[in-house]
Amino acid sequence: MLLFVVMIFYGQRIQMYIMIREIEGSLLRLKFIRDEGRKIAIKTIKEIGKPEIDPTERVNQFLEHVTILPQSMDPAGIVWKLEHVLDVRETRFKDEVKLMAPAADETNVNNLENTLEAAAALNIIYKVIRHFYILGKKTLSLYIIMQIQMILPLIMREAEAYASALKAFSYGQPIGDGAGALVAAKLMHGHRKKKIEKDCVVAKVPLEGRTAYVIKAEGPGGNVGKPGEAIKRVIEENDGKISTIIMIDAALKLEGEKLADVAEGVGAAIGGPGTEQYKIEESILKYKIPINAVIIKEDIGDAVSPMRKEIFDATEVAVERVKRVIKERTKEGDTVIIAGIGNSIGVGQ
Amino acid sequence: MGGEAEKAVRRFSSIVLIVIIVALVLSSTALYQAYELFLSNDPTAGYYLLIGFIGMALSAYMLIQTKRRMKRFTLKTQPITTTIVCSKCEFKNVRNFERGDYILKELGSCTKCEGTMMISAIYREVKEKRKEEKIFT
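Protein sequences, first through last, are from chains A and B. By this note's numbering, the letter at position 208 of the first sequence is numbered 200, and the numbering carries on one by one without gaps. By this note's numbering, the letter at position 79 of the second sequence is numbered 70, and the numbering carries on one by one without gaps.
Read the hints as simulated data drawn from the structure, not as lab findings. Any given hint might turn out to be false.
What the hints assert, rightly or not - Chain B regions said to be covered by chain A (calculated; three or more residues, Cβ under 8 Å): (1) 25 to 31; (2) 68 to 77; (3) 83 to 94.
To be verified - Listed next, the in silico EDC-like pairs over lysine to aspartate or glutamate satisfying Cα-Cα at most 20 Å (straight line): (4) Lys280/A x Glu249/A; (5) Lys96/B x Asp305/A; (6) Lys245/A x Glu97/B; (7) Lys118/B x Glu247/A; (8) Lys42/A x Glu88/A; (9) Lys280/A x Glu221/A; (10) Lys301/A x Glu119/B; (11) Lys96/B x Asp97/A; (12) Lys129/A x Glu14/A; (13) Lys118/B x Asp291/A; (14) Lys96/B x Glu308/A; (15) Lys118/B x Asp97/A; (16) Lys38/A x Glu89/B; (17) Lys301/A x Glu89/B; (18) Lys187/A x Glu88/A; (19) Lys250/A x Glu116/B; (20) Lys118/B x Glu302/A; (21) Lys185/A x Glu97/B; (22) Lys83/B x Asp305/A; (23) Lys118/B x Glu221/A; (24) Lys96/B x Glu98/A; (25) Lys250/A x Glu119/B; (26) Lys301/A x Glu116/B; (27) Lys186/A x Glu97/B; (28) Lys83/B x Glu308/A; (29) Lys118/B x Asp253/A; (30) Lys35/A x Glu89/B.
Stated by the list, open to error - Derived list of chain A stretches under chain B, where covered just means 3 residues or more per stretch with a C-beta under 8 Å from a C-beta of chain B: (31) 44 to 57; (32) 295 to 301; (33) 329 to 340.
All residues carry an ideal CB built from backbone N, CA and C; glycine is no exception.
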């Protein structure tokens, strides 16, 4: 009876304390992951970069770096504003890494930049959860605590994925997201490549009686390049006479779907902030070029952690799918563009 | 793992520990009371026995939970395999990943036929702990 009365008056409060305890446990784990990430980043910089002064302070400053996105009240032209801010950010990050690790070559600078970005992402996740935890405890508001407790399992999955990514980046291992880049690398291997636009390479490859311009981000450093810019350039160089564009990318799978399933579709298969997708869509619209997509399904954890065997094997299936699409959708003698999208870390060409 | 991590592992609420200890003491008292009452043939002994057992079970459960939380956190390093293949005779060499390895990297000549050795694959193999849900396939 007493228990029943207590539950009526204090049930919600007890529930709230249980939730706070749960968040506290996850926060402790997040703090550990964040600190480990920071330590791995500093250790890698010391190993590869051979700095004369201790980079710890500079790494700490890097982790607190903020990027202020452009104002969207008047959205006209926001793509270019966003692209500019992201370009400035990337240049700034690379300069910071070069200062922290003077002995690192271009490949290692890219890998270290990716490592630090993953460490910064872990820092942000930790700080946001800590913010809601403290706010919830201060206000004792069930709704503040509840909203964070409800999404906590997803946040923890994301944090663990970033922790795995950090290790992969620090060693320069290929990651699941690089599946598209790997397909392009397999297609262009053994052919002459040239640098095109920012951090991308292109190779002219004879394929099934057609001429294919195969594009990927330049590896083996951690790089996504600007495939949108590269595709636009190839289209312009060919005066828009492109029969089809095939984009290959890793895509997030839904729970229940099989890992590394290869699927086809239409549209620009590319993630990121959207600026590259916008450029591709503008270019294909101008010349009315059909665009096809081949995607390799994986979850967020597999996308940013070292490439799984299933995904590696799926790249071979994707190569065959690309060839099939070319045979079915174009005629002999046509010119096509094949773009392998994704981070080219650990993938050469 | 450094000192900071270990500190984080050891940190758990002292209030919870006090609650557990108090609950344990009260449950033990209830059990002792039940024993005393049972000897004097008091019918309320059963109630004390029940309260004592429930208290014991709850405090044991809470203690186990606290211990579980104390488990060391680790970031696992996954074993990554590098496969090197000769482009001429297809001689294959599989070894652990080393820093500087990347797919399509050329690694000198083959020991068998003097063809070019190249890294053809880098991946990790994951042994699934449990089968995916097959009901809704």
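Going down the list of hints, with the structure as the test:
1. 25 to 31: violated (count 0)
2. 68 to 77: holds (count 3)
3. 83 to 94: Coverage by chain A holds for the region 83 to 94 of chain B (6 residues, Cβ < 8 Å).
4. Lys280/A x Glu249/A: 33 Å, violated
5. Lys96/B x Asp305/A: 18 Å, holds
6. Lys245/A x Glu97/B: Distance of about 34 Å is beyond 20 Å: violated.
7. Lys118/B x Glu247/A: Answer holds: Lys118/B to Glu247/A is near 18 Å, not above 20 Å.
8. Lys42/A x Glu88/A: With a Cα-Cα distance of about 14 Å, the restraint between Lys42/A and Glu88/A holds, given a limit of 20 Å.
9. Lys280/A x Glu221/A: The given pair, whose Cα atoms are some 17 Å apart, holds under the 20 Å limit.
10. Lys301/A x Glu119/B: 12 Å, holds
11. Lys96/B x Asp97/A: Holds: Lys96/B and Asp97/A sit about 17 Å apart, inside 20 Å.
12. Lys129/A x Glu14/A: 13 Å, holds
13. Lys118/B x Asp291/A: This hinted pair holds, its Cα atoms lying about 16 Å apart.
14. Lys96/B x Glu308/A: 18 Å, holds
15. Lys118/B x Asp97/A: 36 Å, violated
16. Lys38/A x Glu89/B: Given pair Lys38/A, Glu89/B holds - Cα atoms ~18 Å apart, limit 20 Å.
17. Lys301/A x Glu89/B: 17 Å, holds
18. Lys187/A x Glu88/A: Violated, because 25 Å separates the two Cα atoms, which is more than 20 Å.
19. Lys250/A x Glu116/B: 16 Å, holds
20. Lys118/B x Glu302/A: Roughly 11 Å between the alpha carbons, so the hint for Lys118/B and Glu302/A holds.
21. Lys185/A x Glu97/B: Roughly 16 Å between the alpha carbons, so the hint for Lys185/A and Glu97/B holds.
22. Lys83/B x Asp305/A: 17 Å, holds
23. Lys118/B x Glu221/A: With a Cα-Cα distance of about 40 Å, the restraint between Lys118/B and Glu221/A is violated, given a limit of 20 Å.
24. Lys96/B x Glu98/A: 16 Å, holds
25. Lys250/A x Glu119/B: 13 Å, holds
26. Lys301/A x Glu116/B: OK: Lys301/A and Glu116/B at ~6 Å, within 20 Å.
27. Lys186/A x Glu97/B: 19 Å, holds
28. Lys83/B x Glu308/A: 18 Å, holds
29. Lys118/B x Asp253/A: 18 Å, holds
30. Lys35/A x Glu89/B: 17 Å, holds
31. 44 to 57: violated (count 0)
32. 295 to 301: holds (count 5)
33. 329 to 340: As far as the region 329 to 340 of chain A goes, the hint holds, because 3 residues have Cβ atoms under 8 Å from chain B.
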